[in-house]
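Enquirer: Chains as they are written, first to last, in the working numbering: chain Y, -7 to 430; chain L, -7 to 430.
Just so you know, same-sequence chains aren't split out, so a pair can sit in one copy or run between any two.
Calculated pairs, DSS-like style, for lysine-lysine (alpha carbon to alpha carbon, straight line, at most 30 angstroms):
id: 1; residue 1: Lys360; residue 2: Lys36
id: 2; residue 1: Lys36; residue 2: Lys377
id: 3; residue 1: Lys88; residue 2: Lys360
id: 4; residue 1: Lys36; residue 2: Lys88
id: 5; residue 1: Lys73; residue 2: Lys88
id: 6; residue 1: Lys360; residue 2: Lys284
id: 7; residue 1: Lys360; residue 2: Lys377
Since the hints were made in silico from the structure, they are not lab data.
Each chain is listed here by its residues.
Number of protein chains: 2
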Amino acid sequence: MPSTTLSFSTRDEHRAWLASQAALPAGFRVGCTRFDFTPREAPKPARMTITLLALDQPTASFAALFTRNAFPGAPILVGRKRLVEPTLGAIVINNKISNVCAPGGVEASERLCAEVGRQLGLSPQQVLPSSTGVIGWTLPLEAMVAALPQAVGALGADSILPAAEGIVTTDLYPKIRRAAVGGGSIVGIAKGAGMIEPNLATMLVYLLTDIAVPRAELRPMLARAVDASFNAISIDSDTSTSDTVVALSSGRVPCTDWLAFERGLHQVCRDLAEDVVRNGEGVRHVIRVTVKNAASLGLARALGKAVVNGPLFKCAVAGNDPNVGRLIQAIGKHVGAHAPGTDLSRLSARLGGIEIFRGGVFQLDPAKETALVTHLRSAELYASKPSPDGVFTAPIDFPPHERSVDLEIDLGNGAAAAQVLGGDLTHEYVSENADYRS
Amino acid sequence: MPSTTLSFSTRDEHRAWLASQAALPAGFRVGCTRFDFTPREAPKPARMTITLLALDQPTASFAALFTRNAFPGAPILVGRKRLVEPTLGAIVINNKISNVCAPGGVEASERLCAEVGRQLGLSPQQVLPSSTGVIGWTLPLEAMVAALPQAVGALGADSILPAAEGIVTTDLYPKIRRAAVGGGSIVGIAKGAGMIEPNLATMLVYLLTDIAVPRAELRPMLARAVDASFNAISIDSDTSTSDTVVALSSGRVPCTDWLAFERGLHQVCRDLAEDVVRNGEGVRHVIRVTVKNAASLGLARALGKAVVNGPLFKCAVAGNDPNVGRLIQAIGKHVGAHAPGTDLSRLSARLGGIEIFRGGVFQLDPAKETALVTHLRSAELYASKPSPDGVFTAPIDFPPHERSVDLEIDLGNGAAAAQVLGGDLTHEYVSENADYRS
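Extracted from the complex, chain Y is given alone in its bound form (with noise of 0.2 angstroms):
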C-alpha cells in the first residue's frame, strides 16, 4: 500500500506538492541542460536533456541493480563494470535515446564519462551512465560534449526536482519521493513510463541519501526493497532494456537506526513504484492485485502479475466494465500453462471488497454488477476523450487521487501473499505508442 494518499486539483497543486518534497539531502548537487539535435537513423529534429547527479565527495557507499532483459544497453554493460570500482562521485543521464545494441555504444558511454569526470574532477570510473529513450538509435556523444558545460554551470544543492524533471520521456509529471530517517533523509526519483515489467530494477531510479550506511549494508537493502516495489509493477508486461535502479551515499549523517533506515528505503521506492504505474503510458486505472494464502510467494506474485498482464482484463477496466469472467480467465491461464498442479478448488476473488467467485463458481447479481460499476468509476483518474483526428492523450498532468481497483484473490491454499500493481490497457496507450518516435 502506498504510504500516502494525496489527491491533487491542478497542475500547480500538484507541482508545489513536488517543490515541498524535493529538498536534496546533504552532500549532492544536480544540474541540466537541453539541447536539440537531428539522430543519425532516422533524421527528424529531437530534443534532449542531459541530468547531472555529483556528489560532493565520491562515495564508496553505493548500490545498483540492472535489467536482466538479454540485450541490455551499452550503459547498463558500462554500470556493472561500475559496481567493483572503489567510490563513485556522479551519473550522467539522458533521455531521448537509450543507446542499446547502437555501434559503439558502449564506446559512446565511456567518453560521456570521460568528459564529465574532467569537467567534475572525477576518473571516468567515478562516473556512472544512464539512457533512456529509443532503442537503435546512436547517440549525439558531440552534440552531447558540447552540452555538458550548460549542466554543470547548472549544478545546485538546494532542490532534486530539476533531475525528476530532465529523466522523463513520455511521463506526464516528474516523480519524487521521500522518507525523514533520523537526522538525515532519503530521496527518490524515478522515470517511467512504458516498456515497465522490471525485471529486477525498474527503468531509471536514483535513490540519495545522507545517512552513512556501508556499501556492504546498502546493496542487500536496495535488492530488498526493489523486489518488494519495482519488481512487483507490470504497466505493459516489457521488459526495458535500460532498467536501472540507483542508490547513492553521501554518508554526511551517522546511521542510529539502520532498520528504520531500510523502512525508510523501502516505502520510497514502494511510492516510487505505485507513481510509476499510476503514471504508466496511457494508464487511467491503478489495478492493486492481491493474492493471498498461495502455496508459494512465487505463485503468488505469478498469478497478480498474469491479471495485471492480460489484455482483455485490462481492457475492461479501461471500460468501467466488471467483466469479471476475463480475470478468471487469466488466472486460469496462468494455472493451466506453468503450475497445473495448483489446487483452484478454494480460490475466492473479490473486487472492490465485493465478493465476484468462490468454490468453482461466479458469485454475481444485477446490484453486484451496479456496485463493480461505482467502483471501477471512482478509480478512474481521468475520462477519456478523442481530440478530431481521433488522437486520445491525457487531459491532465498531475495525479487527481490515489485510488484504485482492488481486487483480491484468496486461493485458500498456503500462507504466502504479494501485492502486484498494474494499469488498464487504454486508447492512449495505443495513442502513445503506436507513433512514439514520429
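Given the coordinates of chain Y, work out where chain L should sit on it, guided by the hints.
Expert: Then chain L, alone, in the frame of chain Y:
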C-alpha cells in the same frame, strides 16, 4: 505459410468465395436458429445463435482437443467425457454465453445434449456441446430448448456456411477452409476473434470429413496438425476457457492415402489458424515471425510468441512505425527471463527481407527506414479512423489481402525452426474490448 494468396475488394466477392468452399462432405447436415433473450446477471437484451452439426449416422471416428486453461467451461468438462464414448452423432454450439464457472453449468450443458439427442434420435452421450461468449453468465436454458426445433428443422446437407456464420461472436466474417483428398474432402470452420493464445487448441474449430480414418489414427493426426497451426498463433496472449477443436469423419469415402489425408488436415488447420489471426479483434496487420537455427523447437516457438505478444512492438506495427528496437527488446525480455544461458551473439533479424540487426548491433539507416515503412504499409488490412464519438470499428467485413509483416529471426545456433502468427495492437482492439458486454 498459407496455401492461398487471396484478395477481395468487397464483402460480396468474399462471400461468393466462401460459398464456393462450403460444400459439406457426404454424411453431414447443419442447421441454425437465432433468438433474443435477457441474461440473468446483467439484464440487457441479447441475441444468441444455436448451431447444430449432425451426422447422418453416429461415428466412432471423432477427435477433440480442449483448452488447458485451469478454469475450463462446462462444455469442456462434458466434452472430455464424450471422448471415451463409442460414437458421436451431433454437436450443439451456442454463442453469446460461454457457460464457464456458472452455477449449474454442467447440468445445463448435459440437459441441452439430452434435448438435442431426443430430437435427433441420439443418446445424450452422443451429443457434444460447445459454448462461446461472455464468461460468468448462465445459459438461458429454457429459451434454448424452446428454440431447438427450429435448428433441427433447418438442418440441410448442402453448405457449411450457415454454421460458419452461426458460431461467430466478434468476428468480422465467417471462416471456411477445405482440402480435397482422394474422392472426398476435409472442410473446416473456425470462430475467433479474441482471447486467442490457444494452449492446445483454439476457440471453436470444427473439421468435417467424409474420408474414412479410424479414431485411433485421427486423434494423433489432429494433435499434430493443431500443434503446428492453432498452437502457433496469438492475438492477445489470453487463453480462452472454451478452446475446442473437433474433427469428425462420416466414413463415407474409403481412405486410399493416409499421408495425403494428414497433409490436407494440416493445410486446413494452418489456413484456418491464419484466418483466425487475420480476423483477430482489431487486427490491422498480421505479423508472421519465422525463427530459425534455434537450439530447440521450444525456444523457437517461445521467441516467436514473445515477439507477437510484445504490446509495444504490436503498437508500433499498428502505426506503420518500424520501431525495431522494441523487437530486440521483446527477444531480450524472453531470453533474460526464461532462457538466460542462450547465446545471442550470432542473432540476425530481417523485417520484410531487410536486415535490421546482426552481431549485437542494429543495421539501420534512413533509406532502410523508408523501405521498412513501405513494407508495413503494404501489409495493412485497412486504415484506422474513429467515429465522431471516438469509437474505432473496422470499415470492412472481409479480408482484402493475405499479406503480412514478415519477420525473420536467425539465431545461428541450432537446427530448430518455428513460425508464429500474431496481430498488431490497435485502437480497434481497445474499442472492441473496453465495453464488449454492453
